[in-house]
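Combine both chains into one complex, guided by the hints.
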Amino acid sequence: MKFGCTDRISKLRDDLVSKACYGGKYEDGIFVDLSRAKLYMDSYKETEGCEPLIRRAKAQAHVLKNISIAILPNELIVGNPHADPHALSIFPEINCNLLREAIADGYVREQDREIAEELLQYWAGRNIADKVAENMSDWIKKIVSASSSFISTTWQDGIQHCIPNWDYVFEHGTSKIREKINAKLDEIKEQIGQQASSKLINARYLYEAMLLALDGLNAYVERFHTLALETAQSNILCREEMLQIAEILKSALKEPPKSLWEACQGFFFLHLIFTCIDSAAFGSLVRIDQSLWPFYKKDVIDEGKITREQAQELIEALMLKVQALGAFFSRKRRLHFEGNGALPIWSLGGVKSDGTDACNELTDLILQAAQSVRLNQPTISFMYHEKMRDSSLVEAIKTIRTGLGYPSFTNGDWMVQSLIRQGIPIEAARNSGVVGCVSCCPVDSCNTTKRLALTVIAAKSMELALNEGNCLVTGEKIGPDERPASEFKSYEDVISAVRKQLTFAVKTAVNVRNLARHYEKIYRPNPLVSALHRSPLETGIDAVTYEDYPNNCWLNMVGVINVVNSLAVIKKLAFEEKKYTLTEITAAIKSNWEGKEAMRQECINKVPKFGNDDHYVDEIAREIFKMCSDIAANTFDINGHFWSIVAQSVSIYQATAGMIGALPDGKLAGKPVADGGISPDHGTDRNGIFPVLSSVSTVDHFRTKGLLLNQWIAPELLEGEQGIAWMKAILKMWNRKGLSQIQFNVVDPNLLRDAQKNPAKYPNLTIRVSGYTANWVKLTSELQEIILSRTLQRG
Amino acid sequence: MLLTKIVRDSILDGPGCRYTIFVKGCNLRCEWCHNPETQLLEQEVFTYEQFCIQCGLCLTAIGTNLPQKQMPIRIKDAADPRYFKCVDICPTGALSFAGKEYTIDWLLNDLLKYQLIYKQTNGGLTISGGEPLLSGDFSYELCRRVKASGIHTAIDTSGTLSWETVARFLPVVDLWLYDIKHTDDPAVQSALNIANFKKLINQNTEIWVRIPIIPGYNDNKSIWKEMARLIVAAGEKVTRIDLLPFHPYAAPKYTALRRHYKFGDRREETETIAKLAKSVFVSYLPKERVSMGKTMVHG
Ligand code: SF4
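Chains A and B, in that order, are what the protein sequence lines are. Mapping to the working numbering: the first sequence position 238 is 238, numbers consecutive. Every position in the second sequence, counted from 1, becomes a number in the working numbering once 1000 is added.
Excised from the complex, chain B in its bound form (with noise of 0.2 angstroms):
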């Protein structure tokens, strides 16, 4: 499975440290996400100017009837196959793979021997990305091992898969970081997300909800006002809520990934309008359980 990166010691994704890993691949495609790489199944490669010595080994790896001759090599589409071997040689890191192959096996080895941490602290996996549910088979059989072995389980998902993908889950996952975008956006599949919302509240399991703020697209206090009695009617099933703060940290990635970032120069004061979208959860539900989170911007 291609991860993009392996956190072990996160205190961001689930309670007591947890080790956490984003898989690669997603089904929705946000604008505001703060790990565009996660976003596409297929490897990628990164390209940072900034690192590029100017060796011309990358060139040279492809071969020379190249047109160009700037350095680093011009690599518009991030996942085009053929710009791979361009990556082994170069020295420096200025072209860089998005993701790394794991295997289960070698996930499970490297999660216990820390598990010493995880169950101390009553933390344990956290899989996040990406949308874990759709790398299915190697989702589920991560959790599954690692709850085997007495370790407490986490998915981070935005549910907007069928129910039978989600529900699948169910024996293998003791918490659900379930993500609310919006509430009426069918880029987000807003339908499906809430559906499964109402089905998983019915099941025996425990839910954090995540709430992203992002300012112009969900920074609306009759969005928040919905989302906020949708899980009220959930009662005891959802322990915490995260609002999580638009940040634009991100934006350096979009330019190594050859895309586009449209919320690169968002500045507004996104502290503020979080605050502002506390006040409003906090008035249909209990303070404790509202808390302000954070999004890490990985690389």
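Isolated chain A (complex conformation) (with noise of 0.2 angstroms):
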């Protein structure tokens, strides 16, 4: 099967390098490479006893000017995060027991150990982890590393989400910024002259910080400008092209760009900046079709310039760069994001802050390109609206038709609505798009380069309840004290139990995220990002430390619905039926059901299971989730907003597995959790999609950051005309009762199983597997048979 729509895409996709996991490995050759760790370090080295924020300028400068770069054959968007594309970043300045993980692992070459050594030298007691590590008691430090743990914050990865205003940038262009931003610091110098305070002290470093940085980013452009006419020279094959890469570059970045290839090309250099080079900062928030669209207009329908072909095959560029690309992940993390190199999200649709339809040609021409050149990053969020246009609705529905597993579709209305409730003024709330899987955030705003995740298994909840705070896998106390279950009186004392469990989990993970908050503001700043946006110009803060907008923080709780059927099971046969006490139910799971078959048969097929349209368990899921918004609406980030919730497992329903035990739902220790986010439990939803979707909205969507439904659907009930009605008319009914997100996996599981048995045959079959979409063949047989569980809406 041929990829891409010209010859140049088919090659340049079959030498992609791939930088996924799979079962918790990188795939071979790929390493860690050091050059820009140690590029880091040394400009800190030089720069001890200078102004952090400075200190950061000069280190981002220092790296841009000095990684080496290449340009590969056929490219037409160039940067690569290294020359040999095996390689992937590191950043231990955040964390540097992801650097011992990786040596631990063998990603570290052995030419590279003495400089490994270097870094875990310079950066221990310096590196955030560490800092915030000096606030823990040991027994929390323990809580939240412990391989039982449930909680795990991003953090810890060494992640740090700071991204540009795209729109910013292209509008000005850096010269134009830096001619700001020199008038700015004339300013503000006079000021400090006649009446000095330490805010306009900090605003003049962090301006000084911003033009240090943006020399780095200048200097990095037109290094590859210089390579491109080098290569020109030397190669006659291919002068003509290089000749006009070279033409892109001079200006790249530097002015508004000219043409949509030159947008593209900054686009790329400032993505592959953020999420490779300065930190992994996966999960952008892009509105592409939005953010390109003047220039596509300019190129393609007021100056007919390139055909619509020409602009496809840009876009199809594009996305195989942005595919290319990937950072080093925590062990934790290999597992958490099976199959995924980074997490990049392009929305597409919405409204634009007037409240109109925001779909252009542009929307329709990117689905378009995704189903051609067929990868798994980056995925595409679809933002849904009552007003949209019907082609690119169908667009988006015949990409999904070809069994990608992407664009998701976010409800817009939805999102405007919840994103007001979080205090984000109604035209900034329509100019939002997605982050991560399912969170919304506004595009023209710093709070995109500091959003605050991090995950709480909520199913852990319910196990510790149940057994005085103690973890039924290692026996550990990792929870508050709780009374034996046998003196539970009634089934609100089981849910007081829960929320008890569940609050310090979510204050705990809050805690620490708010600690490294603390730490992220004074030493890891970000004046190149800062750059690239207003308010820091306007205001004299640090992107890292200005709030434009409220609340960008998210809580992911894993597992409710487990929770949700368990309280099921213990309401119904316990305290209602009094089948069995709550002491023989806490027995049976303590012993993971053993010799109790019949009686957790019972506990599946005998009480209702969220999913089914019954009012009984469906109730119960309104109260928990409403539970879980309340814990985290009364816990505060270090500015004082309120968190939010998201559900949305990743792939962390399945490497959590191990770490759960049994559970009343009748889920044996070992097995994963429901996956998704409201999705209904593996293979419990029996009556079809739309009784799926009553349940799921029983949930106050609107309270949430979103909640991620995955739904599995039979490739023929997509066909044809009608194929395309019916599902227009089942996103229609999902908008209508008010759900955050849908994403559909639609492959034929006789498809899934024949490529478990001949994986030769289908090295390209992508599936979704949660926010993200994977490759299949690859997957591990566990994840593989997980979602093989789910249930298939076949009609």
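The reader is advised that the hints may include incorrect statements.
To be verified - For the chain B half of the interface with chain A, some residues (derived, Cβ under 10 angstroms), not all of them: (1) ILE1011; (2) GLY1056; (3) ARG1082; (4) PHE1084; (5) CYS1090; (6) PRO1091; (7) ASP1110; (8) LYS1119; (9) ASN1122; (10) ARG1240; (11) TYR1249; (12) MET1296.
Since the hints were derived computationally from the structure, they do not count as laboratory data. Ideal Cβ positions, reconstructed from N, Cα and C, are used throughout, including at glycine.
Dropping the structure here:
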């Protein structure tokens, strides 16, 4: 099968090096390159004693001025984090432990061992993770890091989400931005001379740092420009093309783009720097069909400079560049994001800030490009709304029909309302996109640069509530004290015990995150990102610190549905029918249902399960999600903003299987919790997709930042015009019911089975795992089986 | 009314998205039937041995003085009500009821929850079975109320009851999914089936003809030609012909009902036969009206 709209794209696709992890491992040949980390450290060693902002800017610039660069054959869009496409970056300044893991797991090459030691030595006590750890008691440290822990936070993975505001950069170009900064700097110096204040002095350092960082950025682009010219000299065969590329690189980012090509190139440079070179900021937010639209319109529609096909080739080339990126993940994260190299997501569709439909020709073209080039990243989220134009919606449905697993659908109408609830003005709420899997955030804000995400395995709170705060897997105490389950007198007692455990987990996780936030502001400000946003220039506050809108924190709850189904069992069998005492149920899960198979089967089959439009259990779901939202809303970030929940289990539900004991819903120890976020548990939805939507709609999505719903649809349901009409109708109902998100796997189970047996036949078969898509034949057989145990909706 | 299944998102039983219900009870006993649990009017018990965990609860439910001790409990006659309490107690679903009781109010309410979809896709209600006309009052009333809510109604029938029974439905049914299984077989009441068909085409209504293509039963060109001529005579009334290739996927259900499935080992190239049938039909009828349909085994 041929991929891509032109031969060039097919060739580029064949040369791709995958950075995805399967079974907790990277593919052969992938290694951690320490050259970036070394340059970064060298700069820090030279700047001891300088202002943190200046040190950071100098280090950013030093890396960009010296890191190795390359232009690969056939490329239209250039830029590589390393000269070797198998290399991954690592960020020991955030967390040294990752480098230790990389060494232990054999990802650091022999010749780099010495540098690795030097890095570990230098950053010890200086990296953010160490500074956070200084503030934690031994018990908390154990809970956060223990293998049975039910908390995981992204900073531990050396990730800091920092991305620029593309529209701002495209509007001005860095030359103009530089002028603006200089003007501000002059102004502020004068003010300081008259009436100094900490605020003004900090602003001065920021502006100076921004200029230093921009120097680095310009030098980086300039180096590529020179390289292109040199290549044109030395290589007759591609001279014409190299000269063209050099022309693009001459002004890329410095000036507002003059063409779609230049815009794509500029976009990619910044994407590259912020996801691979300066930090691992994946899950980036971009409304790509809006940001690139003016250039597409000019080149293709207004001036006819390039054809629609040429534009598609550019978009596909850009997608390939994004696909090729990745960063080094921790062991835990490698399991949590199986099959995924990073998490870049492009938001399409939605509305403009005035509320009108934002879909355009480029929206459709990007979807067509996705169908043609078939990659697993960037993944796409399509922001559905009531007034959207038909052709874009149809193209989105056609895209999922190809079995790609994306776009996922984000309910744009829900998004706007839920962001307004979080205190965001309506115009900004409309001009928002998706970050990560489901969470949304305004595009034109610094908030995107510091999304605070952490994960709590909610299912664990059920286990701890029934076991006096003790983990069933390790026997250790990891939650607050609780009386024995035998002393619970009512269903409400059980709920309060769950609430107590969950509240503790959330508060602990948030507290750890807040500590990290504090140190990030001081030791990892981001002058480069600050220079590429509007607000830092206006306010003199670094992008990592500044908040233009409140609340970009989200708390990911995994396995809530297992809590819901478990509570239904307890309510019905222990308190209403009194068939079993709570002591018996607790004993059964403690022994992993040993000798209690009939009882376990009864818990599975004779008690309603979420996802079947059964009021009994759906009502419990409503109550438990409300409880989660309430707990989050009473937990605050370092600036006093409340948290909101999301539910998106990525592949955490599978990776944590070994960490969660048996549960009253019939789950066995070692088996995974429910997937998705609000998807019914594996195979327990037995009445088709409509009742699933009904059940899911009993939960209040407006008090969340998004609840992920996976559905598996038989391909024949989407066949032909009728299939498109069917899907349109489903989406309309989903939208009307106020659901936040939905995504579809459209693939025949027989095909998946066949591919398990004959992987060589299906090298490019993709499947939606959670908020991302992965290569089916490379997934571990455990994850494959879990995906196959989902309910297939076949009409 | 006892239903064996509700499919809320069917695309096989009429235009658009269908809310299809399968009523229990049929006047015919076709031996190839792919949903055999819809034949008897009475409740029946499925026994799926593969789900049994040998817990013995079914035996205790019926009393201890039974001679047999095998599990699952041996149910000879799936419709024997003495075994119903075993189903209630069985924790695994190894024993389960073939039908479930529903009221018209409940069904109407459930369907209306999703009316947006049925209206959007020009879909609606389909009563299948079993034979919907056999449960005349129920089917009639449900169609009437659904149609009164502005939603399309269809009925999937073998048309082998009296013309009066059929005609009663004319005001409440928009589309007839009319089965023609044979042209000359008393076992499927061909004479009545064809007589009613000839009357139906003179009424002001729409018809889709559904023809199961059963190897060893009606896989015969002269039968197909005769069917085609009948349909040609109906003119514009018949807007679509679905040929339904036989498949043996219902075999596990026959076993679960303790019945013998004569067609269980038919492995002929049914698709090929159906294609052959299609070539015959399209020589009489416009190509776009003849399509290859599908039958779904519900479990
Ligand atoms: S009750 Fe069900 S699972 Fe138990 S022995 Fe009988 S049939 Fe088997």
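Cross-check of the supplied hints:
1. ILE1011: With a minimum Cβ separation of about 5 angstroms from chain A (threshold 10 angstroms), the hint on ILE1011(B) holds.
2. GLY1056: Result: holds, 9 angstroms to nearest chain A Cβ.
3. ARG1082: 21 angstroms, violated
4. PHE1084: Violated - the Cβ of PHE1084(B) stays beyond 10 angstroms from chain A, reaching only about 16 angstroms at its closest.
5. CYS1090: Interface hint status for CYS1090(B): holds (9 angstroms vs cutoff 10 angstroms).
6. PRO1091: At 4 angstroms from the nearest chain A Cβ, PRO1091(B) passes the 10 angstroms test, so the hint holds.
7. ASP1110: 8 angstroms, holds
8. LYS1119: This interface hint holds because 8 angstroms falls under the 10 angstroms limit.
9. ASN1122: 8 angstroms, holds
10. ARG1240: 13 angstroms, violated
11. TYR1249: For TYR1249(B), the interface hint is violated, since the closest Cβ of chain A sits about 13 angstroms away, which is over 10 angstroms.
12. MET1296: 8 angstroms, holds
Hint check: violations occur at hints 3, 4, 10, 11; the rest are consistent with the structure.
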